[in-house]
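Colleague: We have chain A already, so just place chains B, C, D, E and F on it with the hints.
Protein chains: 6
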Amino acid sequence: MSKIRVAVIGCGAIAQRRHIIEYQTNEHVELVAFVDPVLERAEQCAAPFGAKAYADYTVMLKEIKPDAVSVCTPNATHAIISIAAAEAGAHVLVEKPMASTDKEAAQMIEAAKKNGVMLMVGHNQRFMPPHVKAKEILKSGVLGKVLSFRTSFGHPGPEGWSVDGKESWFFRKEEAIMGAMGDLGVHKSDLIRWLLDDEVADVAGFIGTVSKQDTDVDDSANCILRMKSGAIGSLVASWTYYKGEDNSTVLWCENGVMKIGTDPEDQVIVELRNGNVERYKVGAIATNTVQVTSGVIDEFVHCIVTNTPPSISGEEGRKSLNVILAAFESQATGKMISLN
Amino acid sequence: MSKIRVAVIGCGAIAQRRHIIEYQTNEHVELVAFVDPVLERAEQCAAPFGAKAYADYTVMLKEIKPDAVSVCTPNATHAIISIAAAEAGAHVLVEKPMASTDKEAAQMIEAAKKNGVMLMVGHNQRFMPPHVKAKEILKSGVLGKVLSFRTSFGHPGPEGWSVDGKESWFFRKEEAIMGAMGDLGVHKSDLIRWLLDDEVADVAGFIGTVSKQDTDVDDSANCILRMKSGAIGSLVASWTYYKGEDNSTVLWCENGVMKIGTDPEDQVIVELRNGNVERYKVGAIATNTVQVTSGVIDEFVHCIVTNTPPSISGEEGRKSLNVILAAFESQATGKMISLN
Amino acid sequence: MSKIRVAVIGCGAIAQRRHIIEYQTNEHVELVAFVDPVLERAEQCAAPFGAKAYADYTVMLKEIKPDAVSVCTPNATHAIISIAAAEAGAHVLVEKPMASTDKEAAQMIEAAKKNGVMLMVGHNQRFMPPHVKAKEILKSGVLGKVLSFRTSFGHPGPEGWSVDGKESWFFRKEEAIMGAMGDLGVHKSDLIRWLLDDEVADVAGFIGTVSKQDTDVDDSANCILRMKSGAIGSLVASWTYYKGEDNSTVLWCENGVMKIGTDPEDQVIVELRNGNVERYKVGAIATNTVQVTSGVIDEFVHCIVTNTPPSISGEEGRKSLNVILAAFESQATGKMISLN
Amino acid sequence: MSKIRVAVIGCGAIAQRRHIIEYQTNEHVELVAFVDPVLERAEQCAAPFGAKAYADYTVMLKEIKPDAVSVCTPNATHAIISIAAAEAGAHVLVEKPMASTDKEAAQMIEAAKKNGVMLMVGHNQRFMPPHVKAKEILKSGVLGKVLSFRTSFGHPGPEGWSVDGKESWFFRKEEAIMGAMGDLGVHKSDLIRWLLDDEVADVAGFIGTVSKQDTDVDDSANCILRMKSGAIGSLVASWTYYKGEDNSTVLWCENGVMKIGTDPEDQVIVELRNGNVERYKVGAIATNTVQVTSGVIDEFVHCIVTNTPPSISGEEGRKSLNVILAAFESQATGKMISLN
Amino acid sequence: MSKIRVAVIGCGAIAQRRHIIEYQTNEHVELVAFVDPVLERAEQCAAPFGAKAYADYTVMLKEIKPDAVSVCTPNATHAIISIAAAEAGAHVLVEKPMASTDKEAAQMIEAAKKNGVMLMVGHNQRFMPPHVKAKEILKSGVLGKVLSFRTSFGHPGPEGWSVDGKESWFFRKEEAIMGAMGDLGVHKSDLIRWLLDDEVADVAGFIGTVSKQDTDVDDSANCILRMKSGAIGSLVASWTYYKGEDNSTVLWCENGVMKIGTDPEDQVIVELRNGNVERYKVGAIATNTVQVTSGVIDEFVHCIVTNTPPSISGEEGRKSLNVILAAFESQATGKMISLN
Amino acid sequence: MSKIRVAVIGCGAIAQRRHIIEYQTNEHVELVAFVDPVLERAEQCAAPFGAKAYADYTVMLKEIKPDAVSVCTPNATHAIISIAAAEAGAHVLVEKPMASTDKEAAQMIEAAKKNGVMLMVGHNQRFMPPHVKAKEILKSGVLGKVLSFRTSFGHPGPEGWSVDGKESWFFRKEEAIMGAMGDLGVHKSDLIRWLLDDEVADVAGFIGTVSKQDTDVDDSANCILRMKSGAIGSLVASWTYYKGEDNSTVLWCENGVMKIGTDPEDQVIVELRNGNVERYKVGAIATNTVQVTSGVIDEFVHCIVTNTPPSISGEEGRKSLNVILAAFESQATGKMISLN
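Just so you know, the protein sequences line up as chains A, B, C, D, E and F, in that order.
Quick note on numbering: the first sequence equals residues 1 to 340 in full-length UniProt numbering.
Quick note on numbering: the second sequence equals residues 1 to 340 in full-length UniProt numbering.
Quick note on numbering: the third sequence equals residues 1 to 340 in full-length UniProt numbering.
Quick note on numbering: the fourth sequence equals residues 1 to 340 in full-length UniProt numbering.
Quick note on numbering: the fifth sequence equals residues 1 to 340 in full-length UniProt numbering.
Quick note on numbering: the sixth sequence equals residues 1 to 340 in full-length UniProt numbering.
Just chain A, same shape as in the assembly (with noise of 0.2 Å):
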């Protein structure tokens, strides 16, 4: 079988550490070009492969007919690029957010349906091996029904990831759309949805910029989430962990409790009523290939070879946003919001 052409759009801190990187090592890609507002980061990514830069996106899709891209520029621009392209016949995944606006999410599942591509969402935290763990054990049954939870991503900000520091898109609301709750936030509203196979009934946030100067931005968000099943939790994303990082999500069940990412040790860990403790370690995958391999793009090349859908579809991916939009509601409105 000949290689999937693969074009990457926006050379940012995650193109270069996850997207690139993880095309490379997969046998079925062969990255051809890139894309870059600043045509020196998309030549410097280019080089290595002889692959084509570019400044302008659309003159890429023209020139290069990729067979898929990733779409990793600012959030801002994801739905524009995402149905630009696969308006271009390229199937597409896109980083979480995948969008700014629920309008802007309906229309690239539309365009993605209509020009038969694929449409895939960023959404990593599904691959993590804890998560998977949890979520095996969740359908074991053992805990019984999940009845209040608690989950949280917090760290102390863009500004020591993003290849510009302090000067990122991250903190310019006109390409970030949103801060905390963007970057970390819809990680944990996609996890939670998809851990408990159960979508979120009614949304409640405080969201605000209580830290970081100079940018209008949220920072620290708050929020409450009730569940269709009744189950009703907390969802926190935050930059303003300067100590004290968090990625962990805890679930109190009928049965007991399950704990992940609370412990450096055993990343998942069941303690039930009856006395028994569960302790799984596995995160030295995580640590050594994950780390490098988020599964994300394996994932979307697979579906492509295999011509399967996407598991994080775009529909998936416009639910989780939908999340996050609503506590931006909520806060805008003093009001909880319901979805449907």
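Note that these hints are calculated values from the structure, not bench results.
Do not take every clue at face value.
List time: in silico EDC-like cross-link candidates among lysine to aspartate or glutamate, alpha-carbon distance up to 16 Å [to be verified]:
| # | chain 1 | residue 1 | chain 2 | residue 2 |
| --- | --- | --- | --- | --- |
| 1 | D | K335 | C | E329 |
| 2 | D | K243 | C | E271 |
| 3 | F | K133 | B | E271 |
| 4 | B | K243 | A | E254 |
| 5 | C | K243 | D | E254 |
| 6 | C | K335 | D | E329 |
| 7 | E | K335 | F | D202 |
| 8 | D | K243 | C | E254 |
| 9 | B | K319 | B | E199 |
| 10 | E | K133 | D | D202 |
| 11 | A | K335 | B | E271 |
| 12 | B | K335 | A | E271 |
| 13 | D | K133 | E | E271 |
| 14 | F | K243 | E | E22 |
| 15 | B | K335 | A | E329 |
| 16 | C | K335 | D | D202 |
| 17 | F | K335 | E | D202 |
| 18 | B | K243 | A | E271 |
| 19 | B | K319 | B | D198 |
| 20 | C | K133 | A | E271 |
| 21 | A | K243 | B | E271 |
| 22 | A | K243 | B | E254 |
| 23 | C | K243 | D | E271 |
| 24 | E | K335 | F | D214 |
| 25 | F | K335 | E | E329 |
| 26 | E | K243 | F | E329 |
| 27 | F | K173 | F | D214 |
| 28 | D | K335 | C | D202 |
Remember, predicted model here, so these are calculated numbers, not experimental data.
Modeller: Relative to the frame of chain A, chains B, C, D, E and F by itself:
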């Protein structure tokens, strides 16, 4: 100085396990009367002290004219009894939540004021050594401003605590008015106000009965708080933590994080951005002594003896109560509620 | 339903510490008779239950006509008493090893069948939570095929367990027939058959009396087993582990290793080739409850009540016994012994 | 004194990782020749030393007339090459197992004797600090007589060790003669003889190929040993411990137990019946030095320099070999095999 | 053999908690008399044994003519009572410090010699398992020569130990003569002499009353010692270690360090320059048995029964005493004191 | 502001590993000259800075006229060089011990005063985070008065530290004047004075050469100190801690104990009489930064820049020196020495 003649009204678990024991070991106190609608229960409590037992507190107040009373009845009667006691000239220590409505709380404060007696609310969390240490550290300034927080209190429910087990008044709404929120949530609203030396500005909450059968009081609540200082956080109260019990508070601050009650060895842990870590084991006292001595009764007696207004005054109790009531209002109206 | 009338035959340690206690807490059972050649011992056991005491089980069977019996006598008499009980119409729970020879075992099975009563053997290792968990994991397939194993059971000998200490029948060959192999080895042959869902094909063993004085029963045995599946492993039984007691089983499999009983904290540990580690603490129950409740008596009673054939049937006990007998034959003949 | 002129015959993994490195750091040695049927391999080894490379050891022996040789070839040629070297007047250090048959071993001993050269076998386990410490403790008498034991050596197989990976001679029976038993089992038969200062009286073993594909050498062996002293124990060699690698020995003695290699921190642990526990961390050396320096080469050179007969003589190697050969005979004949 | 008739003179804490209990469990002993100026105390001790009680030891010695006595009185009377007992023909076990002056010690030794009785001093540190193990290791030579050391004994003072609490004779100088130095320091001077098999050459000390009120005995002492071998070290005795109690000894030697009593788990730890570490848990006995059995009484009785001179003889006790006396002289004169 | 022109006199280990590195990273400093009698060493240090190299400091002072100098020469020349530098108008940072005699120290102070330059002594222990934290805790009063203490500093000797190894000037008495006491002891006399905010009243010491060969400087010292406040304690300096290295200080106080440097995890531990324990991990900085940055150079530069007298002044250095000199005098005279 002659001893303070104290009557205990309501002879259930909290009276038996805290109030009576702590009055008994306080040299300034003479226990003179016990009241419980189940007269036998009052008699059993009274016997060791040669005190009198009553089924009706109004009769007791008239006959005994106590110097002070502890009000340990179900929540619904806190106000009416406290007011009657104040009218009878007795200082009042009332269990939390001090009342069922803000109006009741206001009347209690007014009654105490009018009759020149003290009114104190049993918010014992303020006296727990880890909380005392935490406040001391916050005041030192080493952590800087609090940016966000999480405070939670969860256990498997009052079935195992109440002297009546599953038949406890805790599960009867007309007497309890509130469930986990009245039992546990109000502890945490009081704690967070006191720890941060700050007031709650806005509240939203999802409160429900997600697990308990045959009751219509709440067993699970997830709330979000915005403080006047701008800090935002979450407050959780639950009777459905069947495993993974939790009475913890985590504060993310400008200079690091403080974790209270998250580690079985060290009750307060401070991790600073500069890499320093401070660990405080202050539970030895908590386990040996405070388990028995909450600190509340000694403080109440001390205030009477020295004629000092209690730090956990009716006003304080009222503010902490109003946070909880606002959460209920939020649940009922689907709106975020602002407090004045 | 009327209660099952049970007689206990043999009133030594195993009767006192397991059978009587467990029958006593089973609501379906009435203990009606106790038999021991030392009549006083039978009387002491009988007294709390207002039961009758006998020195001769034949008299008891005739007079009492029990619904069921536990046979807790020295090994040599397991068969004759079990057969007599079956002939008297009683269901039989016999301690392990069920008999001294294969012929006896066959006669016991035949007697039970002929008289329409149940015959169950007291192989309690199958009910221990770590073993239940281990079997569940093996069945899940995560470890793949078992390739080799080691199972051992060693302690300092029955001197400290038997009610007669150093004078115990355990050391008298005419009554015990076997030493450590009958006491401990047959537990492990039964366990390995059940855990692996496999049968022993070939056995060799070195069995001797390497430390105990004044006895000619075996105190130490090292055997090797080849299973029908091709897996090979070792089985050790010892009364001379004066320190370093051990009741452990390790299974090396295609995908990793499972360690049972090797760690004081986590009774089952699974280490997979992919780096994942799973640790199960399932001993809380083992320590609090199973210490008292082996599970054997409840299962026996349950089978009678529901008229279900016991899973640890005479046939099962016979196969486990034959592994041990083959090891003795190997020791005696210098040959490896094949089992059918 | 002039340097000892050494030739290495066979340039695979054991030569590269142990012999050459250790000769190189020994001040008394000059590496003068390297032999390997793959001449390039010999040349690569020879280059750094300005030594000569040969494909044929007979030519080398004639041309170079080395003072000493290391025989690091596949098992099948240990004897013929060692004898040729001895005839050529060279001292011989031969890897374990020293030969394929007892007859070969006898001839090697005879050849060395006749030609007045030393014959030493590379049983490096005797030099490992934990084993040295264990022997010292056994000799002190604190543990009393050894009653039973377990010694095992298992890893995932030579695929990851041999320079030829899955194509290694280890898997070709005509060259390897034995699989895991020759690779690992003979280490443990030598160790147990040396540690206990005792000889094996009887052996039985189940030896098979339970997991490896495309080979007919053994990958798994479970043996039982009876020592002349009466102690009985088990010896396991395996190439199918895909996880749970193990090079441990446990000795149950009259006064307690000694555990060697069972704990990652403390390589030797003694637990006494009187409650005392002694823990020895003697692995620091093992990791830093012995990883590189097995001790074998230094001992061999020391023997030559001081004209001292090597402690691990041909006779010793022969006895350790015969234990393994007896196990194979047991497997083949279905009988226990007595050693003289 | 008839039993040794023993009298205990002085019925305070050390008599009650060690001497009486240990005599009682020694099969060779009959407790025949108890002496205490507080006659009731003597009577209470005597009652369980049907022994006689005296207020005056001279009367007791005349009337009872005991075979042996324990002298458990305040330090000031050790000499006079021991001499009287020896004159009365009784073997003498005297508590430490054996006397208040060197002259007294000499007279005691002389009296014992003249009357043909044994004189033993209660230096129980020599029998503690960690010290026994430490001496064994030092003697093995593995550590080489001791170069320097630190030995200390500190606790919060005898208030919590003495049967008279704060009113104890320990605080009255005319009876105690010395404070912490007599109570604890002499233990360490004896220990270091015995452990190192060496004698103290020079001593200097700062000794004072730094914390205790209403007493003029020393509560804190820091001394430095130069041994005849050249090793130098420090000796600390303190009654003001209100937290951080300590009975430890650290020896820095040519080949490494030995730490005794510095770790709660392992009482003796040897760390060698070559990286090896040896850890000895020898406290199990210390906790279970020696807590009750110091070893001193059994040794004393054993010496009498076997007519063997005690290893902790009067001469030994005298030398250990003289180290302490020299420290006091140093404090008084501002000079270093040489011992012969 | 123009940069401070600094010359480093003496280019051995302390200059290379601390002074030069720390000057280099201080933005206010320009390194202009390096002096060492081994001119090549000075040249190597000077090269990276384009600085000048000298063998003679008098020449350098005249030619360069530095603003400030670091005196990193052997102890014997600290005074003469410091005085010359001061006379040349340079601020002086001199390594500890600042001088060899009190007279020298006085002259250095006088010279600095006369020439209006600063004189600072390199007592870096005061800047180590654990010591800073310890002093902060002592000042808070929580521990009450210090009653007794132990402070020690021991390692295997300067062989492994000095750039000249065993040939180091540290072992030549005419240059070093003192051995372990000058290298380590003066650190601890300075630390204890500073930590306790107290002065030493009396000193006694045993100082000797117990292990090093071919040198007559001291390698081991045990001293006792009496502070003006009455606290007594010990001070140990050793070059013969071949294992068990130690830089620890323990303070026993009225309300508990503070342990500094006794635990590898937590550098400061406070254990209070009320059972509370506080653990401080303040070594992260110590390891990452202070390893490189002692704090001394930055402080020296800061004092010059801000024209602030240094806290570790010549007077401070002189007092700390005099404690050590008194210990030597004690050793020499056999008397305790009082300091004024």
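Colleague: Take the hints in turn and mark each one as holding or not.
Modeller: Hints, verified against the model:
1. D:K335 <-> C:E329: holds (12 Å)
2. D:K243 <-> C:E271: It holds: about 7 Å lies between the C-alpha atoms, which stays within 16 Å.
3. F:K133 <-> B:E271: holds (15 Å)
4. B:K243 <-> A:E254: Judged against 16 Å, a Cα distance of about 9 Å means the pair holds.
5. C:K243 <-> D:E254: Measuring from Cα to Cα gives roughly 9 Å; hence the hint holds.
6. C:K335 <-> D:E329: The hint holds at about 12 Å.
7. E:K335 <-> F:D202: holds (12 Å)
8. D:K243 <-> C:E254: holds (9 Å)
9. B:K319 <-> B:E199: holds (8 Å)
10. E:K133 <-> D:D202: violated (39 Å)
11. A:K335 <-> B:E271: violated (36 Å)
12. B:K335 <-> A:E271: violated (36 Å)
13. D:K133 <-> E:E271: Holds, at about 15 Å.
14. F:K243 <-> E:E22: Judged against 16 Å, a Cα distance of about 40 Å means the pair is violated.
15. B:K335 <-> A:E329: holds (12 Å)
16. C:K335 <-> D:D202: holds (12 Å)
17. F:K335 <-> E:D202: holds (12 Å)
18. B:K243 <-> A:E271: holds (7 Å)
19. B:K319 <-> B:D198: With Cα atoms ~11 Å apart, K319 (chain B) and D198 (chain B) stay inside 16 Å; holds.
20. C:K133 <-> A:E271: Roughly 15 Å separates the two Cα atoms, so the pair holds.
21. A:K243 <-> B:E271: holds (7 Å)
22. A:K243 <-> B:E254: Holds, at about 9 Å.
23. C:K243 <-> D:E271: holds (7 Å)
24. E:K335 <-> F:D214: The hint is violated at about 31 Å.
25. F:K335 <-> E:E329: OK: K335 (chain F) and E329 (chain E) at ~12 Å, within 16 Å.
26. E:K243 <-> F:E329: violated (35 Å)
27. F:K173 <-> F:D214: holds (11 Å)
28. D:K335 <-> C:D202: Holds. K335 (chain D) to D202 (chain C) sits at ~12 Å (cutoff 16 Å).
Going down the numbered hints, you'll see the structure goes against 10, 11, 12, 14, 24 and 26, while the others check out.
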